[in-house]
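> Counting along the sequence shown from 1, when you hit position 127 you're at 150 in this note's numbering, and nothing is skipped either side.
Distance ranges between label pairs, derived from CB positions:
(1) 177 <-> 64: 27 to 35 Å
(2) 39 <-> 133: 26 to 34 Å
(3) 177 <-> 88: 32 to 40 Å
Derived pair list, reagent style SDA-like, types lysine to any residue, alpha-carbon separation capped at 25 Å:
(4) 214 <-> 184
(5) 214 <-> 169
(6) 214 <-> 117
Because the hints were derived from the structure by calculation, they are not lab data. Where is the CB? At the ideal position from N, CA and C, for every residue including glycine.
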Amino acid sequence: MSSAEELADELADVRSLNALAETWRTAPDGSRRFVPSFDPRSGGTSSRVLVLMQSPGPQTIAAAHAAVCSEDNPGPTAAAFRAARIESGLARNEYLRWNLIPWEVPGRVRPADIDEGRRALGALLEALPVLDAIVTYGTVALDGVMRHLTLDEHPRLIPVIAAPHPSPANGRHRAEQQRRSVQALQLAALKRPV
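My request is simple: use the sequences and hints to build the entire structure.
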């Protein structure tokens, strides 16, 4: 890692998050699996908003060991999210983008994948002490968060705002989809009274 990358990791405090990601790279059966790194340009552990999608997309997976879960990734989903985030006014250093299921899911998402993802989410939430809101994109991310809140023994109650997944495969009502994404991010960015 270059010194510029190390400095970015320290500024965003993603080093501890990347250590957490490393634990997810070993599946329950002991095999290794793909999990991207966290974005050093995000808010890291100081993030106020967690943006949660389903699982790593094909372009992220194709980046292999250099992969980062980021709005800078190539592809239409990242571009649609980035446009909504910029329009919403949510600062890049105020949010962390991640996936409910942090590893590659070959084929269709199964209930067991969501359940394992919700346990990973619990560990991630513990590492985000100033989190004010979660924005879920798509039904898998929303289901995982709701399962976390209703199945974990002592969940931390955090406001959750659901938006449609920005994937071009989810193409019906694209203008509404964009408007809902922008509005969800604006709501999440609001400062909450303490």
